[in-house]
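Asks: One line per chain: the protein sequences are C and G, in this order. Numbers 1 to 114, taken from my numbering, label the letters of the first sequence in order. Numbers 1001 to 1244, taken from my numbering, label the letters of the second sequence in order.
I should point out that these hints are in silico values taken from the structure, not numbers from a laboratory. Note that the coordinates shown come from a computational prediction; the quantities given were computed from them, not determined experimentally. C-beta: ideal position from N, C-alpha, C; glycine also. Keep in mind that a hint or two might mislead.
Unchecked claim - Here are some, though not all, of the chain C residues that point toward chain G, as calculated from beta-carbon distances under 8 Å:
| no. | residue |
| --- | --- |
| 1 | Glu77 |
| 2 | Arg79 |
| 3 | Thr82 |
| 4 | Glu90 |
| 5 | Asp98 |
| 6 | Lys99 |
| 7 | Gly102 |
| 8 | Thr103 |
| 9 | Met105 |
| 10 | Met106 |
| 11 | Arg107 |
| 12 | Met111 |
| 13 | Tyr113 |
| 14 | Ile114 |
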Amino acid sequence: MNAATRITMVKKILADGSPCKKCGEVEARLRDGNYLDSIDHIAVADERDPDSEGMKLANRYQIERAPFFIVEEPGREPRVYTVFMRFLKEVLRAEVDDKDEGTEMMRSSDMDYI
Amino acid sequence: MTDKSFNTEALAAEYDQRSPQDILKLALESFDNIAISFSGAEDVVLIDMAVKIRPDVPVFSLDTGRLHAETYRFLEQVRQHYNINIEFMFPDTAQIEALVREKGLFSFYRDGHQECCGIRKVVPLKRKLASVDAWITGQRKDQSPGTRTAVPVVQDDKAFGSPDNPLVKFNPLSNWSSAEVWNYIRSNDVPFNELHNKGYISIGCEPCTRPVLPNQHEREGRWWWEEATMKECGLHSGNIKNKA
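Put together the whole structure using the sequences plus the hints.
Replies: As structure tokens, this is what we get:
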């Protein structure tokens, strides 16, 4: 990650107006690990508002889960991460246990076909 | 040949209504470093079709250590019947030992299946997929009625691939129904897992799979003690697709 890297986190507000639990957990983990400063912008995907910034980003990148992260670097296509542990490892260079990454992939992706 | 400029989006549209055999042909002719993921269930039809295109097609299977004895017998039967090598991927010993030591042998009934599946399936699968350019699955649209995610016949695998290490995933059976799969099995004398004769449709690990009754959906035979689907993290696709 270089100085020109711009990271956007997209978190969700549920249709009943409450915050998405997983998004809250991820944000807390970023805060606890002192990684929150690495996030340049937080966009909200509000299920009540298809025109909300986060919903538009989800549409643009064809993402169906929240939270997710968009990593933009000059001269490269934006990279989108839907698995938080993977984002931590590959972008923020944090130490991540394979097991934790596997568990999160089962939880956050449509992985029940395997 | 490995085609680095493989246009998955265009090919997904072009091949959406093509036969599984055509999709397999595209996969096997486009990628040398490709493998079929075989679960030991009715996805055996992929192997039957693929060996007619490439007799030495690479096949791998995830041995979670908790499969039915019938499934192990079937995996061996398939290996011999098609004269193929099946590469078995195993869980990391230290991870399994730690899980069992800490939570016992049946933690999934209490904590949900994700942790156990993460260790026994996802980590070994990730390890295998890091070594190929493309893979082939037996995933079908009709297997998960509650899931909103589409199953294109070919896609960029964003779960296991990355921008630096792209991975293409083929789902040749995506548009087939269970009935079409079984029609193929019977018409072509394809061997099948004996658990299917005992009422099992979806076959996974022994503690997490059970037979289903007539007219029950096959997914009711898997992780039946949990909520049908975990939807909290989903973004409503209607909203996503209707608005730019």
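Asks: So, for every hint listed, does it hold in this structure?
Replies: Hints versus structure:
1. The interface hint given for Glu77 (chain C) holds, since its Cβ lies 7 Å from the closest Cβ of chain G, which is under the 8 Å cut-off.
2. The closest approach between the C-beta of Arg79 (chain C) and any C-beta of chain G is roughly 5 Å, which is under the 8 Å cut-off, so the hint is satisfied.
3. Below 8 Å, beta-carbon pairs count as interface contacts, and Thr82 (chain C) has one with chain G at about 7 Å; its hint therefore holds.
4. Checking Glu90 (chain C) against chain G by beta carbon gives a least distance of about 7 Å; that is within 8 Å, so the hint holds.
5. With a cut of 8 Å, the hint placing Asp98 (chain C) at the interface with chain G holds, because the nearest CB-to-CB distance is about 5 Å.
6. Of the supplied interface hints, the one on Lys99 (chain C) holds, with its beta-carbon coming within about 5 Å of a beta-carbon of chain G, less than 8 Å.
7. The beta carbon of Gly102 (chain C) is positioned within 8 Å of a beta carbon in chain G (closest approach about 3 Å), and the interface hint is therefore held.
8. A least Cβ separation of about 4 Å between Thr103 (chain C) and chain G falls short of the 8 Å threshold, and the interface hint therefore holds.
9. With a cut of 8 Å, the hint placing Met105 (chain C) at the interface with chain G holds, because the nearest CB-to-CB distance is about 5 Å.
10. Satisfaction of the interface hint for Met106 (chain C) is found here, the shortest Cβ-Cβ separation to chain G being roughly 4 Å, below the 8 Å cut-off.
11. The criterion of a C-beta within 8 Å of any C-beta in chain G is met by Arg107 (chain C), whose closest approach is roughly 5 Å, and the hint holds.
12. Interface hint status for Met111 (chain C): upheld, as the beta-carbon distance to the closest one in chain G is roughly 7 Å, under 8 Å.
13. Annotation: interface hint on Tyr113 (chain C) holds; nearest CB of chain G at approximately 4 Å, less than 8 Å.
14. The criterion of a C-beta within 8 Å of any C-beta in chain G is met by Ile114 (chain C), whose closest approach is roughly 5 Å, and the hint holds.
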